[in-house]
Amino acid sequence: MNADLKRSEDMRPQRAARRTAIILAIIAAAFFVLSIVQQLVLVHSHH
Amino acid sequence: MAHDAALMHDDHHHEAPEGFFHRWVMSTNHKDIGTLYLIFALTMFFIGGAFAMGIRAELFKPGMQLMQPYFFNELTTMHALVMIFGAIMPAFVGLANWMVPIMIGAPDMALPRMNNLSFWILPFAFCLLLSTFFMPGGAPAAGWTMYPPLVLQGGDSIAFMVFAIHLMGISSIMGAINIIATILNMRAPGMDLLKMPLFCWSWLITAFLLLAVMPVLAGAVTMLLTDKFFGTSFFNAGGGGDPVLYQHVFWFFGHPEVYIMILPAFGIISEIIPTFARKPIFGYKAMVYAIACIAFLSFIVWSHHMFTVGLPLGSELFFMYATMLIAVPTGVKVFNWVTTMWRGSMTFETPMLFAIAFVILFTIGGFSGVMMALVPADFQYNQTYFIVAHFHYVLVTGAAFAIIAGVYYWLPKWTGNMYSEFWGKMHFWNSAIWVNVLFFPQHFLGLAGMPRRIPDYNVAFADFNMISSIGGFLFGLSQIIFVGVVIHCAWFSKSRAPAKVWEGARGLEWTLSSPPPHHSFVTPPVIDDSVLAHGDVLH
Chain A
1 MNADLKRSED MRPQRAARRT AIILAIIAAA FFVLSIVQQL VLVHSHH
Chain B
48 MAHDAALMHD DHHHEAPEGF FHRWVMSTNH KDIGTLYLIF ALTMFFIGGA
98 FAMGIRAELF KPGMQLMQPY FFNELTTMHA LVMIFGAIMP AFVGLANWMV
148 PIMIGAPDMA LPRMNNLSFW ILPFAFCLLL STFFMPGGAP AAGWTMYPPL
198 VLQGGDSIAF MVFAIHLMGI SSIMGAINII ATILNMRAPG MDLLKMPLFC
248 WSWLITAFLL LAVMPVLAGA VTMLLTDKFF GTSFFNAGGG GDPVLYQHVF
298 WFFGHPEVYI MILPAFGIIS EIIPTFARKP IFGYKAMVYA IACIAFLSFI
348 VWSHHMFTVG LPLGSELFFM YATMLIAVPT GVKVFNWVTT MWRGSMTFET
398 PMLFAIAFVI LFTIGGFSGV MMALVPADFQ YNQTYFIVAH FHYVLVTGAA
448 FAIIAGVYYW LPKWTGNMYS EFWGKMHFWN SAIWVNVLFF PQHFLGLAGM
498 PRRIPDYNVA FADFNMISSI GGFLFGLSQI IFVGVVIHCA WFSKSRAPAK
548 VWEGARGLEW TLSSPPPHHS FVTPPVIDDS VLAHGDVLH
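Order-wise, the sequence lines are chains A and B.
Mapping the first sequence onto my numbering, position 45 (from 1) lands on 45, and the numbers just tick up by one.
To convert, count from 1 in the second sequence and add 47; that's my numbering.
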């Protein structure tokens with residue numbers, strides 16, 4: 001582990017930032033899935 | 048708090064790591080990663096610019112001069128993809144990496160390893176994208192919007208393009224997550240949200256936009272990929288799909304994307320104008336609310352890109368009025384910049400010149416945007432050079448000028464040296480003159496009916512095209528001055544920059560030395576409201 005990394009890890013509020021990041025990543029993934037699912041629904045409903 | 052750990056930490060690593068590989072490839076330092084982003088963006092700016100020179104050379108006079116029509120289409124497509132995803136967006140992320148932590152008093156970005164990954168994905172994405180020029184069938188040539196069915200008729204390069212866009216999307220989403228996590232969790236004690244610099248506010252809101260729309264783009268191109276290679280029919284009318292659905296999904300991404308490329312520019316300009324007018328920004332809270340309002344409206348206007356596809360009248364009216372509403376918060380911002388300058392003790396250093404040019408020229412782009420918000424008028428403007436003129440005023444004299452202004456503004460802080468004001472002004476005047484020679488005649492071409500995305504045209508359009516091309520070549524050449532100024536400032540300038548580079552500057556970044564130490568705030572800064580640009584905001 002390089003010195004920068006070790007130092008960076010020591011300095012940040014790990015849990016709060018990681019929790020924020022995980023929540024945001026889940027939101028992003030949901031948008032990805034929804035964009036495809038709504039297309040599937042729309043295309044299917046046209047049949 | 049972030050700094051509790053920092054205070055307890057017995058630090059022995061104030062200097063950057065030795066060795067090129069460890070310093071740059073393995074970097075977790077926000078300033079080094081910011082520098083990498085900015086160098087990458089500048090490189091892409093010149094690659095995308097070279098494509099633009101090819102386009103303008105072909106359009107210099109009527110008839111086919113230099114290239115086959117298909118190659119011309121490849122150039123227009125790749126020019127847009129490279130400039131949007133490779134130049135403008137990474138440049139803003141680079142500026143955010145450099146400035147956001149030191150503006151809010153944080154020691155670094157919240158997630159430094161992810162920060163490293165966000166950057167290092169990008170060179171691979173663009174190698175992949177640019178390599179399609181050498182593939183059988185050539186590079187993607189259906190325009191950056193990648194509309195089916197045209198894009199599906201191209202060669203296998205679509206798979207490379209889709210994967211490259213996935214990589215860029217992942218990079219952008221990780222960057223956005225990092226910025227939000229940093230601003231929400233890493234602010235120094237006393238740095239309330241409504242005391243933050245407007246650049247940080249603009250990036251916080253932009254990051255939420257990125258988070259919401261980049262996955263939608265990823266979804267859209269994934270469906271293109273499965274339509275092309277896996278037999279699905281999302282956008283294939285023959286299989287029960289609908290190509291217009293693609294346009295809806297694409298522009299649900301595409302319109303907020305426009306604001307992703309302009310909101311950070313608003314933030315930069317809101318930092319520069321108060322500094323050189325020597326007055327606090329007029330209406331700080333109104334500026335914050337205006338950015339939030341523009342971001343909200345950006346989600347409900349996407350169909351104004353599709354007025355001519357045959358929308359129901361009710362939809363056209365809704366999207367027309369919603370689009371025109373955006374002029375209100377944008378007007379708030381423009382008037383507040385002007386009011387900040389009003390009766391200020393103004394000086395006109397290079398960053399201020401670019402900022403003033405931004406306010407004037409971006410507003411021209413904004414006005415032509417309001418013109419094409421009108422449905423009946425848009426039926427005339429659609430697919431003409433008027434559109435090309437409009438979005439280049441917004442993106443070149445808007446976004447790119449703001450990035451250049453930001454670089455001149457913060458370059459002495461980054462390098463510890465002053466740049467050459469003479470050559471900075473040479474760069475400004477050449478850019479400001481030639482960019483108008485380049486793009487203003489394109490309004491007339493569009494109104495006269497010249498279609499966009501064509502390599503040849505009617506002789507009636509010859510004069511304005513020649514003028515536009517000459518402007519283009521000279522604007523392109525002018526940017527070499529910029530590279531010269533930056534290189535001179537970083538390595539050869541003898542003039543040292545003080546901590547507070549500009550007399551009227553306020554904010555935490557000016558309390559650090561120039562250049563700042565490798566690790567910015569080893570101990571949390573004591574927030575003195577009088578030092579902050581907006582510390583005493585009551586209105």
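Note that these hints are calculated values from the structure, not bench results.
Some clues are possibly wrong.
Below, in silico cross-link-like pairs of lysine to any residue (SDA-like), each with a Cα-Cα straight-line distance of 20 Å or less [what the hints assert, rightly or not]:
id : chain 1 : residue 1 : chain 2 : residue 2
1  : B       : K275      : A       : H44
2  : B       : K108      : B       : I407
3  : B       : K275      : A       : A29
4  : B       : K108      : B       : I94
5  : B       : K541      : B       : L524
6  : B       : K275      : A       : I36
7  : B       : K275      : B       : L344
8  : B       : K275      : A       : R18
9  : B       : K332      : B       : I347
10 : B       : K472      : B       : I407
11 : B       : K332      : B       : V381
12 : B       : K541      : B       : E468
13 : B       : K472      : B       : N505
14 : B       : K275      : A       : V37
Hint check:
| no. | hint | verdict |
| --- | --- | --- |
| 1 | K275/B <-> H44/A | holds, 19 Å |
| 2 | K108/B <-> I407/B | violated, 30 Å |
| 3 | K275/B <-> A29/A | violated, 23 Å |
| 4 | K108/B <-> I94/B | violated, 23 Å |
| 5 | K541/B <-> L524/B | violated, 26 Å |
| 6 | K275/B <-> I36/A | holds, 16 Å |
| 7 | K275/B <-> L344/B | violated, 33 Å |
| 8 | K275/B <-> R18/A | violated, 38 Å |
| 9 | K332/B <-> I347/B | violated, 23 Å |
| 10 | K472/B <-> I407/B | holds, 17 Å |
| 11 | K332/B <-> V381/B | holds, 14 Å |
| 12 | K541/B <-> E468/B | holds, 13 Å |
| 13 | K472/B <-> N505/B | violated, 38 Å |
| 14 | K275/B <-> V37/A | holds, 18 Å |
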